[in-house]
Amino acid sequence: MDISVEPPRVAAAAPLLELKGISKRFTGVRALDHVDLDVRAGELHVLFGENGAGKSTLINVIAGTFPPDEGSFHFDGEEIRHLTPQRARAIGISPVFQEFSLVPSLTVEENLFLGREVSAGGVLRAGAMRKKARALIDELGFDLDPGRRVDDLSRAHQQMVEIAKALLGKVRLLILDEPTASLTERETGRLFELIAKLKAQGVGLIYVSHRMREIRALADRVTVLRDGRHIRTLDAARVTDGELVELMTGRRIDVLFPAIPHAPTEVAVDVEDLTLADGSVREVNFYARAGEITGIAGLVGCGKSELVRAIYGLEPIVGGTVRIEGTPYDAPAPRESLTRGVAYFPANRVAEGLALSRPIRENASMTALDLPAFARLGLLRQGSERGLVGRAMERLKLRPPNIERPAGALSGGNRQKVMLGRALTRELKVFLFDEPSVGIDVGAKLEVYEFMKQLVEAGAAVIVVSSELPEVLALSNRLYVMHHGRIATELTGTDKTEQNVLASFFKEHLATEAA
Amino acid sequence: MNAHASSLTARPGIAASYGRSLLGSIGFLPALLIAVVIGMSAVDPQFYGPINIINILRNTALLTIVACGQALVIIGGGFDLSVGAVVALASVVTAKTMGLIAASFPGNDALVITGGLAAGLGSGAAVGLINGLCVARLKVSGFVVTLGTMSATAGVALMITSGIPVYGMPQSFVRDFGRVQFFGLPTAIYVALIVLAVMVFVQRRTLFGRYVYAIGGNTDAAIVSGVGIRRHLVGTYVLSGVLAALTGILLTAQVGSGQASFGGDRMMLQSIAAAVIGGVSLRGGVGRVEIVAISALFLTILGNALNLLHIDSRLQPVFLGVIMVAAVALDELGRRRKQRV
Chain H
1 MDISVEPPRV AAAAPLLELK GISKRFTGVR ALDHVDLDVR AGELHVLFGE
51 NGAGKSTLIN VIAGTFPPDE GSFHFDGEEI RHLTPQRARA IGISPVFQEF
101 SLVPSLTVEE NLFLGREVSA GGVLRAGAMR KKARALIDEL GFDLDPGRRV
151 DDLSRAHQQM VEIAKALLGK VRLLILDEPT ASLTERETGR LFELIAKLKA
201 QGVGLIYVSH RMREIRALAD RVTVLRDGRH IRTLDAARVT DGELVELMTG
251 RRIDVLFPAI PHAPTEVAVD VEDLTLADGS VREVNFYARA GEITGIAGLV
301 GCGKSELVRA IYGLEPIVGG TVRIEGTPYD APAPRESLTR GVAYFPANRV
351 AEGLALSRPI RENASMTALD LPAFARLGLL RQGSERGLVG RAMERLKLRP
401 PNIERPAGAL SGGNRQKVML GRALTRELKV FLFDEPSVGI DVGAKLEVYE
451 FMKQLVEAGA AVIVVSSELP EVLALSNRLY VMHHGRIATE LTGTDKTEQN
501 VLASFFKEHL ATEAA
Chain Z
1 MNAHASSLTA RPGIAASYGR SLLGSIGFLP ALLIAVVIGM SAVDPQFYGP
51 INIINILRNT ALLTIVACGQ ALVIIGGGFD LSVGAVVALA SVVTAKTMGL
101 IAASFPGNDA LVITGGLAAG LGSGAAVGLI NGLCVARLKV SGFVVTLGTM
151 SATAGVALMI TSGIPVYGMP QSFVRDFGRV QFFGLPTAIY VALIVLAVMV
201 FVQRRTLFGR YVYAIGGNTD AAIVSGVGIR RHLVGTYVLS GVLAALTGIL
251 LTAQVGSGQA SFGGDRMMLQ SIAAAVIGGV SLRGGVGRVE IVAISALFLT
301 ILGNALNLLH IDSRLQPVFL GVIMVAAVAL DELGRRRKQR V
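Keeping their order, the protein sequence lines are chains H and Z. Residue 477 in our numbering sits at position 477 of the first sequence; the count goes up by one each step and never skips. Residue 255 in our numbering sits at position 255 of the second sequence; the count goes up by one each step and never skips.
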């Protein structure tokens, strides 16, 4: 096996990693407040908490990105001081962060070996590296070509490269920060097998995830953080989902998905034989009615996201028609879509949603500046803007309610609230949500779902595109399943089950294999 | 404010956080500026003599006008290397046009001056338009496009003049505009103050200003938000071209002749330096012109101080280079302490 790992330690008495009283402050904000954590060899330890609870800060401290202000850090029984990312890797601490540490212009292989290239006298040994990379990728069962450039890869594949990179070399503690966020079911399955293998070899794992199912499947122990403090460390086998969520949020949450009273009226959006220039969507027919949530499910890369992006005007259309409330809408473009009452909420809020250096106020009003309430004759009406955005953010319960803070200073949940704030700054009829709950915690998810419920109740048409099956299943009144750029099936009422969705993936898959 | 702060530490805490936010928004610039002014006043009384002060203010005014345009382009995520060449082009175009109109309509100063100004500003707008269209339509990076137009523009200016200063402008233009003083200050300063006031207004109160911030902050997010990217990008380059041309015209009026040697690389580099030292982020989306103006004042005083101290003119660019890198490095250092939470 190419992932060389130390043999499991027999004396498992001393934990592999032991943190005591770790504190970290960033200019006036206490990100971590005397947090304890211990991870044993061969254990998967889940870090659980809302965004901003301190999980990222904690794993960054463990990975040596920045030093803690106080507290002790023991790894393998040895006190560690002045840890740097290089040193952390050298002693076997391997982090996989959500933000990728890949160089887009280099190949997969070059990225895997970045900083630890195999060389002889300053000359790279390309053959040896290629062989090693190949072996590692085969071992992991990833579908990756080591010669491809990273920026040509999908997000899911980039995630695989990131994981492979962490496993190259000696690993004793692997940190995974929401590793499945962009993986398909099959790839997730491979990852879980791999995790089991690593555990058997005595590797300690720290796993950050919001997904209950994964925590159930993988965790040995769970540490709950809230507001930078250690709340409790529990045995995963002896805790219920409800207890975990309650510990995390500090309040009881009975139902994750609100009951949405769908009352469909007339068709708000319909699409006929829609085909996109890049072929990601082919001859798709679908419609969404006002007063209901229309879900679109499918695997990563099935074209579901491209479909709604095309309706909004972000992907070039080569064939078919889009109609908004029965009126044909040729050559959609974002500004025109907004004028017609169609809004799009992108999946990637950092890349397409927010200007991180600009304040919340400017980000929230960005889509509405063509309205007289915000600007007249090219001049901004700042008082009115401040009032409207302030009220919108109040309705969305932004905490803290200061709308002059830069968007970059916000957690994932608050960033999504700024995006939702855009929906409240103008009159809209159709809401296109692309992966609305990616990267946000349970508390914020609830608020997003609640918001959708309000929209539907107010008579809007809401379309939700999501890779999280439980989410689309619970939220939508009618659910389309997409596969390879086509609508595989439409499910309503009692047919709308996880089994049926998965079956339609599978059926379509077989059909395309056969063809 | 930190909620944990006890009542004992609250007062200095507020002061510190206020100081931090002040430093955060302006950088270390005012401190450096004051240090240079105090140091120079102590060393050389000539420094605070009225002639020297007017000299400093006039040069600051010229640099500020160019740097305002440059700053706007950089905030939008671009770069304008052509400003120095545009200063020269506008100077010779203005002088030449005035000469030609004066030959056809002798004595009609109003027409001559209007025509000259229109031609000068128009030449700047034209170069800006070419820059903007190439960047927005052809998707060539601003750096490359303006590197090209810089070379071409400087070439055109030289061709027009063959390197010889262009005379023949109406006396009234030079005497009553270029060299006149109101309340003891030359016109350029008033022009710069007006430009600065307008630019502050544009940045804070207009859709155009807001969209430039948004485009520079995150172009894809601006597209998704339905912002028209192209016309705003073109707008920044046109504005930069026009402001550079205005500087060229002011220089021409002051000197009394159109010269292809005005502006040039030095003006271009200084405008970028003023923008960057003034807190404009090269990554786009961040920067305020009023601080850029302070930074222009600082750079001008620094150059003036080096002259007064009789530092070898060949050594002066070295100082400017070191100061620029140091100022940006300090700024970056300050930013890094403000970690995301």
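Since the hints were derived computationally from the structure, they do not count as laboratory data. Careful: at least some of the hints might be erroneous.
Taking lysine to any residue and the SDA-like style, the derived pairs with C-alpha atoms no more than 20 angstroms apart in a straight line are [what the hints assert, rightly or not]: (1) K139/Z with P316/H; (2) K139/Z with L314/H; (3) K170/H with E110/H.
Taking beta-carbon pairs under 7 angstroms as the criterion, some of the chain H residues facing chain Z (in silico) [as the list claims (entries may be wrong)]: (4) L194; (5) L198; (6) R335; (7) L338; (8) P346; (9) A351; (10) G353; (11) L354; (12) R358; (13) T367; (14) A375; (15) G378; (16) L380; (17) G387.
On a predicted model such as this, the values are computed, not experimentally measured, just so you know. The C-beta atom is built at its ideal place from N, Cα and C for all residues, glycine as well.
So, going through the hints one by one against the coordinates:
1. K139/Z with P316/H: Distance ~18 angstroms between K139/Z and P316/H Cα, so the pair holds.
2. K139/Z with L314/H: Within the cut-off at roughly 18 angstroms; holds.
3. K170/H with E110/H: Distance of about 18 angstroms is within 20 angstroms: holds.
4. L194: At about 31 angstroms, which exceeds the 7 angstroms cut-off, the nearest Cβ of chain Z leaves the hint on L194/H violated.
5. L198: Violated, because the Cβ-Cβ distance from L198/H to chain Z comes to roughly 31 angstroms (cut-off 7 angstroms).
6. R335: holds (4 angstroms)
7. L338: holds (5 angstroms)
8. P346: Hint on P346/H: holds, closest Cβ of chain Z at ~6 angstroms, below 7 angstroms.
9. A351: holds (6 angstroms)
10. G353: holds (5 angstroms)
11. L354: OK, holds: L354/H within 7 angstroms of chain Z, min 6 angstroms.
12. R358: holds (5 angstroms)
13. T367: holds (5 angstroms)
14. A375: Since the shortest Cβ distance to chain Z is 5 angstroms, the answer is holds.
15. G378: holds (5 angstroms)
16. L380: holds (5 angstroms)
17. G387: violated (16 angstroms)
In summary, the structure is inconsistent with hints 4, 5, 17 from the numbered list given earlier, while agreeing with the others.
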